[in-house]
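Counting from 1, one number per residue, gives the positions in the sequence shown under the working numbering.
Hint data in this document are derived by calculation from the structure and do not stem from the laboratory. One thing to keep in mind: the hints can contain errors.
Stated by the list, open to error - FRET-style restraints, in silico, Cβ to Cβ:
1. Val22 x Arg47: 30 to 38 Å
2. Val39 x Pro17: 14 to 22 Å
3. Gln20 x Ser49: 16 to 24 Å
Small disclaimer: the values here were computed from a predicted structure and weren't measured. Yeah, the Cβ is synthetic: ideal placement off N, Cα and C, and Gly gets one too.
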Amino acid sequence: MDERMVILNELTQGIRPLPQGVGWFEGLADTEQFETAAVTSSPAPVRRSS
1 MDERMVILNE LTQGIRPLPQ GVGWFEGLAD TEQFETAAVT SSPAPVRRSS
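Construct all of the structure, not just a fragment, from the sequences and the given hints.
See below:
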């Protein structure tokens, strides 16, 4: 898991305060913001049991 996913996970769990997450996101370059937004808006993969 890369750093971006760790931060997003911590924000989701409430481990990292939202204002800190906003500051982190605003500090990203435009392309990184776009990529992060794309990751958060894509549906989670469906796991199929065998």
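We went through each hint and held it up to the structure:
Look at Val22 against Arg47: about 31 Å separates their beta carbons, and that is inside 30 to 38 Å. Between Val39 and Pro17 the Cβ separation comes to about 20 Å, which falls inside the hinted range of 14 to 22 Å. In this structure the supplied range 16 to 24 Å is violated for Gln20 paired with Ser49, their Cβ-Cβ distance being about 37 Å.
Checked against the numbered hints above, the structure violates only hint 3.
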